[in-house]
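**Q** Here's the letter readout for the chains.
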Amino acid sequence: MSHRDRPSRCPFHVTANEEGTPPRRRFLRGLGLTGLGVGLAGLYPGRVLSAEPLQTPPQGKEVTSAPLARDPQLSWPFHGRHQQGVVTPRPATGMVVAFDVLAGDRDGLQRLFETLTARIAFLTQGGRYPQRDPHYPPPDSGILGPDIPPDGLTVTLALGDALFDQRFGLDAARPRHLQRMTGFPNDALEAERCHGDIALQFCANTLDTCYHALRDIIKHTPGLMLVRWKQEGTVPLLPPSPGDFDGSARNFLGFRDGSANPSNDDAALMDELVWVDGTGENEPAWAQGGSYMAVRIIRNFVERWDRTPLGEQEAIFGRRKMSGAPLSGGNEQDVPDYSDDPEGHITPLDAHIRLANPRTPATQHNRILRRPFNYSNGVEANGQFDMGLLFICFQADLDAGFITVQQRLNGEPLEEYIKPVGGGYFFVLPGAINQQDFLGRSLLNATA
Amino acid sequence: MKMHSLKASLMTAAALVLMALNVQARAAVSAEQLVTPIAEYKLYVLDNLDQLVDHTRRFTTAVEQGELDRAQSLYAPTRVYYERIEPIAELFADLDASIDAREDDYEHGVADPDFTGFHRLEYGLFHNDSTDGMAPYAKGLMSDVNDLDSRVRDLTFPPSTVVGGAAALMEEVAATKVSGEEDRYSRTDLWDFQANVDGAREIFSLFKPLVAQQHPDFVARVTKNFGDVEKTLAQYRTTPDDPASGFVSYDEVSQADRHALAGTVTVLAEDLSTLRGMLGLD
Ligand code: HEM
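Line by line, the protein sequences give chains R and L.
Numbers 1 to 448, taken from UniProt numbering, label the letters of the first sequence in order.
Numbers 1 to 282, taken from UniProt numbering, label the letters of the second sequence in order.
Since the hints were made in silico from the structure, they are not lab data.
We treat Cβ as the ideally placed atom computed from N, Cα and C, and that holds for glycine.
Check before you lean on any hint, since a few could be wrong.
Reference excerpt, derived from the structure (chain R facing chain L, CB under 8 Å, subset only) [stated by the list, open to error]:
#1 129
#2 131
#3 133
#4 137
#5 223
#6 226
#7 348
So that you can see chain R by itself, here it is in the shape it has in the complex:
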């Protein structure tokens, strides 16, 4: 299995098999840097952004220049067997928004699915809005200007267990593992940040693009759904590093997060671990090509963490903080090896990574595809920060995946520094295969 465990990518990395261009070249082209002969040493924030040589601003200039976009034209295909935003390389920002459905019947639900499909198809490819008589409210919020760049946007539609109640007659077609999230021992769930009839996951190069897409969708679905909760997050960008290997992004505890994650460009592995196979007995046929999304809003007690000795921090995770290397040795990308450490002298038995993935043959099918973002919301009454991890993971079997892994993690030493407060379980619908199709069609047909 080891060759499959690859570090997750730098946010702007595009995998070769999806675009036909080697990742690094495409990445650089996105930045407008190929062929410019810009030395990597010069690639620092602020400069890396611009293809143009830095210009001295004209004298007396009164406009505050906007920071320059990185890869605004990056777009991911919308139509396909699977939805976007699952195995798509993770961009710099992400947001999950959960909704209660207000539509009262199946017709309304279908209208909602069709509208969402149409809006997502437009927003993820970019373009212009039609003009409207200025006596009317404008058709668009305008926050991205007149030309909407795709900006790497993906929007993923997923359904909560709640939608399968008596309202829409979907019960008989419920995905086998879909269930309402229940609290784990360390959880302190807040009702207003949990569950939902449906969830939308937005990911893009910038949060503005996510917000724009959300506001567009809200404007097009009045009376059909109501926001229940929303959580956005980011991952820090890395300057491209020489050589082939990019380390994974750090979370708010300062550790690299994503070092050992099933490789999202290994299609066979994704079929095994992430995508639902509707051909067998296990799942309804309509669900084929979907996936389970577990979302957890996990607060980090960062002040306390920052007062914890480094050695203890590393023992809690089972990895070195700066390099990301496993305590068992090697570099970040090397697979942790517990074979000659049965008593946990090197990697403690209750280290996060060892519990999460004991790397035994029996636990191989429990692996999950993690795609988290760091969030920062504000300040608690005690003056400490409300920051943490918007944990998102995908799996073909929710019980074997997230739930089993979380059960193994219950009681881990990391719990002293984290508190899950919200989230939910959702089923990512199969993709819309062409213009005539819409997200959710196979479900509605299966229950017609």
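Go by the hints and put chain L with the ligand onto chain R.
**A** Using the frame of chain R, we list chain L with the ligand on its own:
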């Protein structure tokens, strides 16, 4: 002044204003066509103001005389007349603040010395269950309401404010009524909710003839949605479906009905936000 002569003089005034504003009436609507509905709307507002003055007098007297039960029972029915005409009342920001601000509008909340008006009294009457110390607020409210009354009488109604008022009222509902934040101590939110809907519906009805031909779908949808909201609200009358009776506490509104109301109110807000555009008003 008799009603019809008042109306005639209002119409002349409205016509003059419209000419002075050089209303750009595109589409099917000319400036003259707006004269009647605007004059009618001013009558509606003045009528509600009369009632507001009258009810406020009884309410504030009860407070000053220390009649707690009576003051409590008059609180919600008095506010109705303010909530119906909010798009106009809000034009006077100073009075709107002193009459209808909520504690959230002040840095120091309930303790803020600037916090006055209906919601300050609500806090005393329903949270403290007492009229103690409330007399100055009652006096202030009465004088603010009288002030509002005389200011509105002298006001020429801007057409875009009147027409936009329908949407503004639905925004009010969406922002504070659906969540039950408006009357958090008395829990009488449904009275305000109904009053906002009344006010919006009045405006819609007055201008409907001007858009009905060109936008029949719009008119049908808005009419239906107003009907749906009112039907849901009517179930929460103390005597269900009796328009003369009051409302139960907002706490009793089921989650399903809150959702139904929120959905319909959002659609109404979206639809009514296009009414100005249909009439070619800025
Ligand atoms: C705030 C909460 C969390 C933090 C800060 C955190 C952090 C980390 C870090 C630093 C690593 C090591 C780097 C890596 O392999 O990517 C890691 C690995 C991992 N974490 Fe978490 N994690 C959190 C919550 C969770 C949760 C809720 C789960 C699932 C229930 C989970 C599952 C995993 C898995 C499966 C691995 C990879 C282990 C391996 O394959 O070696 N983590 N996490």
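**Q** Does the structure break any of the earlier hints, and which numbers would those be?
**A** Of the numbered hints, 1, 2, 7 do not hold.
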